[in-house]
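Put chains B, C and D on the given structure of chain A with help from the hints.
Residue numbers (my numbering), protein chains in the order written: chain A, 29 to 395; chain B, 29 to 395; chain C, 29 to 395; chain D, 29 to 395.
Don't read these hints as lab results, they were simulated from the structure.
We put the CB at the ideal spot given by N, CA and C, even for glycine.
One-sided excerpt, in silico: chain A residues whose CB lies under 8 angstroms from chain D:
no., residue
1, Met-29
2, Ala-55
3, Val-56
4, Gly-58
5, Lys-279
6, Asp-299
7, Gln-300
8, Phe-332
9, Cys-333
10, His-338
11, Asp-344
Cβ pair distances, simulated, as ranges:
no., chain 1, residue 1, chain 2, residue 2, range
12, A, Arg-385, B, Pro-229, 18 to 28 angstroms
13, B, Gln-171, A, Thr-242, 23 to 33 angstroms
14, D, Gln-394, C, Thr-242, 23 to 33 angstroms
15, D, Pro-199, A, Arg-78, 47 to 57 angstroms
16, C, Gly-310, D, Pro-199, 14 to 24 angstroms
17, A, Gly-310, B, Gly-206, 24 to 34 angstroms
18, B, Thr-314, A, Arg-385, 38 to 48 angstroms
19, B, Pro-99, C, Met-29, 23 to 33 angstroms
20, A, Gly-58, C, Pro-311, 22 to 32 angstroms
If you want the building blocks of each chain, they are given just below.
There are 4 protein chains.
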Amino acid sequence: MREIGIGIIGGGYMGKAHAVAMSVVGAVFGTALRPRLEMIAASSPDSAARYARDFGFARAAPDWQTLIADPAVEAVIIATPPDTHHAMAQAAFAAGKPVFCEKPLADTLENSRAMVALAEASGVAHMVGFNYIRTPASQFARQLLADGEIGRVTWFRGEHTEDFLADPDAPHNWRCDGMANGNMGDLAPHPVNAALALMGPITSVMAEVETLHTDRPGGRVTNDDHAQIMCRFASGVLGHIYSSRTATGRKMGYAYEIHGTRGAIRFDQEDQNALWLYKAEGPEATRGFRKILTGPAHPDYAPFCQGPGHGTGYQDQIIIEAKDFLTAIHERKSVFPTFRDGLAVAQVIDAALTSARERRWVDVPQT
Amino acid sequence: MREIGIGIIGGGYMGKAHAVAMSVVGAVFGTALRPRLEMIAASSPDSAARYARDFGFARAAPDWQTLIADPAVEAVIIATPPDTHHAMAQAAFAAGKPVFCEKPLADTLENSRAMVALAEASGVAHMVGFNYIRTPASQFARQLLADGEIGRVTWFRGEHTEDFLADPDAPHNWRCDGMANGNMGDLAPHPVNAALALMGPITSVMAEVETLHTDRPGGRVTNDDHAQIMCRFASGVLGHIYSSRTATGRKMGYAYEIHGTRGAIRFDQEDQNALWLYKAEGPEATRGFRKILTGPAHPDYAPFCQGPGHGTGYQDQIIIEAKDFLTAIHERKSVFPTFRDGLAVAQVIDAALTSARERRWVDVPQT
Amino acid sequence: MREIGIGIIGGGYMGKAHAVAMSVVGAVFGTALRPRLEMIAASSPDSAARYARDFGFARAAPDWQTLIADPAVEAVIIATPPDTHHAMAQAAFAAGKPVFCEKPLADTLENSRAMVALAEASGVAHMVGFNYIRTPASQFARQLLADGEIGRVTWFRGEHTEDFLADPDAPHNWRCDGMANGNMGDLAPHPVNAALALMGPITSVMAEVETLHTDRPGGRVTNDDHAQIMCRFASGVLGHIYSSRTATGRKMGYAYEIHGTRGAIRFDQEDQNALWLYKAEGPEATRGFRKILTGPAHPDYAPFCQGPGHGTGYQDQIIIEAKDFLTAIHERKSVFPTFRDGLAVAQVIDAALTSARERRWVDVPQT
Amino acid sequence: MREIGIGIIGGGYMGKAHAVAMSVVGAVFGTALRPRLEMIAASSPDSAARYARDFGFARAAPDWQTLIADPAVEAVIIATPPDTHHAMAQAAFAAGKPVFCEKPLADTLENSRAMVALAEASGVAHMVGFNYIRTPASQFARQLLADGEIGRVTWFRGEHTEDFLADPDAPHNWRCDGMANGNMGDLAPHPVNAALALMGPITSVMAEVETLHTDRPGGRVTNDDHAQIMCRFASGVLGHIYSSRTATGRKMGYAYEIHGTRGAIRFDQEDQNALWLYKAEGPEATRGFRKILTGPAHPDYAPFCQGPGHGTGYQDQIIIEAKDFLTAIHERKSVFPTFRDGLAVAQVIDAALTSARERRWVDVPQT
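Next up, chain A with everything else stripped away, as it sits in the complex (with noise of 0.2 angstroms):
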């Protein structure tokens, strides 16, 4: 067991996220290396103070700069807008540090495509923030379909649905501006790397990308609001990807459906626990989708309860996250989602977004 000086940019929604799994992971994992929160930095330094002492950090950076060339940080979370992300990472592995960036990796797909070359270069851990595909849940489906348990896949369909904007008389905020915040920028991205994690390369993109409510009281909306996304994975299956901040009744719709000519898996975060299979065995009769509820059969479950279907939460899925990065940086071997599965997903969006301006179909480059 050994210390290690986490350094956070960022103290807003996802920086208490991480503050809080590092705080923590140490005692519910027992990893080999144990988070000390040495410094965290915010967009002034008074609210990197606040941040520090709200989140029982050592000591609060003056700027992002200050806290990455800190020798007491050895590894660097980045947990700021997109735009900000390539500088950062760039300084970062420039000091040999780890880093785990918050999805998506970049603002653009240059600057992504760059950050996977410093981040290969430097030879240190690095990974994206896909939280949701970390739930014990999520994890066992990837499990099932790797060991062939529904079969071989045919189809598959996935949607991240959140209605936090779907009053047409929601005031525009700063979710309304840049495409970075819209619904490809922000949400698409989940639901895709589900898809790429659960099914492998995405090949062929045909796709459709709408702003629904272009006004809003304070302003002109200049982000997506919703798209739909045909597929064709490099396995040769035929998919789908739904994403939305208009699903109006939807809260948490990170949402996926599985056929196979053996079984089929279903799965919504709304109810994260849960994971639905069905297995084609046995008679007829009894076959029917089977309602598991996660527990210690299931992957990073244990560590949380004992009991199964006691439940984890969302902020379990960051727990899970901060092991898996330390597990990274410790073993020097890299997790997924590294740069480079982040930077598959923004291809993948990149072609949508290509696909539904012209209106045909359009090939994915692969990483």
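Positioned in the frame of chain A, the structure of chains B, C and D alone reads:
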């Protein structure tokens, strides 16, 4: 109250369902016209005789021509394979008899168009057998949409998924041959009809159509297994339709979800007595999808049972259909879905097939 | 195939349901005996005439005595209030005619006992109308239990909950008066019958019976609103039964859950086409309650529809009941639930009432 | 913001949970008191040392007496077997230190009473670890009830069902021995506490308590497997509570349903982020149980995540508990459930055991 002599052509799956429905619709709904099971025709005189005896018809017809010509047959139900529909409907209309025709309307788009012309020239009632849209739940969904209960609609997703050919080792059968028996001929028309009924006309489509298991024990498969259609409605709304006979685990996945600016609707025929409604009203803390159990407060439920939640089933849809057909005859008013509505479905299917072949968006001609 | 003249006494809720069922059971099940709607009797000759016309009976009877005496009436269905059952059954058995009697068997325990004696002396078929146990799902549950599929049973919980009198301001109506119309007379017999059908005899009970809303607009309530029964089965298993007409939100809460040493079963009639089965077998990680959708692989489903998951409804239960009654007549074999089975229910109800009054465990006499 | 030294006795299941919670509660909730993991004691100095290292405590105590006496330990968490609680609490109160004690409060009713006296004489904060009632959903349920949202309550049904000893062939373990480790000692207190929290005091009970599998490989079972309790609340409402460790298929069946004159509530901890609410208002046709997903609009959710439906888990309940304990210490106000509330649970359990033994209704002494 007046008797009406019913002739049914075909005594298989749907022929039986219509015979049962006509036996009982008068008692259930107290219809003005009271059906008398006058005559049934089938693929041979022997089978017609057997069906007549089994279902309680007064007489068996040696062939369908005789049935249509018989003066005691006052309305004709066509429940035979699609490639027979045109000739039968033509004869029935020529004889001035109302026609109920099973879906899909015809085997080819040309025949569908011809049948619409004949039907509309005839001046008698005509109707196509898209039965699923007649559950009390789906009728109520239509009502909610028409009343603007969920505001302006922003997204539609529909599907019809079953798994009767999901096993690649299932032997070749009659369903594996002929466009009309494939997924696009047999299953896809259901969710397309649902989309049209709930959302109005579709103006363009972008589709993928696929045969997953091209060789089966006993023969080559010449029609499709599953298909997805991205679509744009005349209302401007974006949508997606998926249909499959290889959706392992799904038995009656006639399902849809519809987002609106003030609410949302979800339905899945596997639990056909429940409609899920979300209303974006009242305190945030008490919002949620409500599971409405159908009951006497919903369309066409009360005649079956005075108790809500007691449930209707598959056969009851056919009885509702029979009631509506008898009413159409009695009131000399057409009832959805008319032959023209059946053609609208065929045109979407046809455009989707073109789109899949040519890998491009295709406009749907409006009927 | 032979015709049988059916006489129905009562044309209300259940009278209609049986008329509909008898109209169509031959076509659905291909029964050996084919019902002919011969005669219906009601509270007045006028209403009988109306029912006859509405439901398609050949003749209306001026009174029930005439109906029973009519030589063309070969089987009698009693669908009138409980206090009329005894006299009608007595007359029918005296005339040597099979009797189907709606539940509860009689208004008093004495009458129930007398009816069993008459029925068993008569040598003809007799049956009580506990229809809910005849869904394909509940029949399958009985089969699973009989086959030991969930091992040795260790717990039973049943309920029948509705909410038609949940509102304390709902006006007084006929249901508020008379033991037989209260919860213990009308609703509780259903889950008690389910318990007996699924689990076998009940040997002792400890109950609470309560009128929640004693005064309603228009009058005083003289029967009970809800009741709970702790029970011990002859098998040694412990159980609990709850019934209520004030269960706000519940519309058809005929539900049970049964634990066994190797599995468990859950059912709720509000989703009557699903049976939930848990099997304690295979890897822990893939265990879960499976939602089995009823289909042709389950009892009495296929005659309604060849497709699994397409669903049966309330009316279909009555059709299944009609089939079983006709079979009982034809094969001269009694079918569950016989009058004796109806008496067994009445004895549990009676013991529960005693228990509630005397606040002690009460033994149930075995029939 | 002020630091507070925490001492935890016990490092197993619950000891770890509390260590994790205390590590992170400050960052999550921004508590005024910030816990410092000062000292942990366990069954041996070695295991204490291991726990201290694993969970990040500053020091390990050679025994619990030393921990309590240590001046840097300012609050004590007891997470050891019930028969040790009394002595530990006594010592802690004697030292003037606030005590959080795991449930059940003590091994015997006498000890529970004694601990209440000590706690109330001490003047310091005390709390019992009934964690499940602290989910955002159950807190919200309490709020809805307190606000009269479902009108006057008419029925309560609660359960806590798991299946960890459902298999009769599962070997004898420590849970099979000693009243406090059986169902009545370990599981039943949870739904009893839920009943008290949601419904208020219970005045009388009628119970059955049973050991289903008396002999297991490796030894005789000396405590109970499952139990049911009919109860009457001080409010006059009737209720039923079931608890079991042999409920095959159930993993976290902490569930309740509550009927009121104007609505109803249903909850099942297996889907702990959903609360089902029925409101008897608006048109009949749009009524239904709504599935409310917990979110920032619900108690104690927002600190974990800004997104509704993203979910909290088991560990988060313990963090909420830690927050409430710290607040109680800080504000010198007791917080539900106090030791007296823990005693109330013990008195219901004790009365139920008496009732089962004597087969009669038993009054519950009010605390």
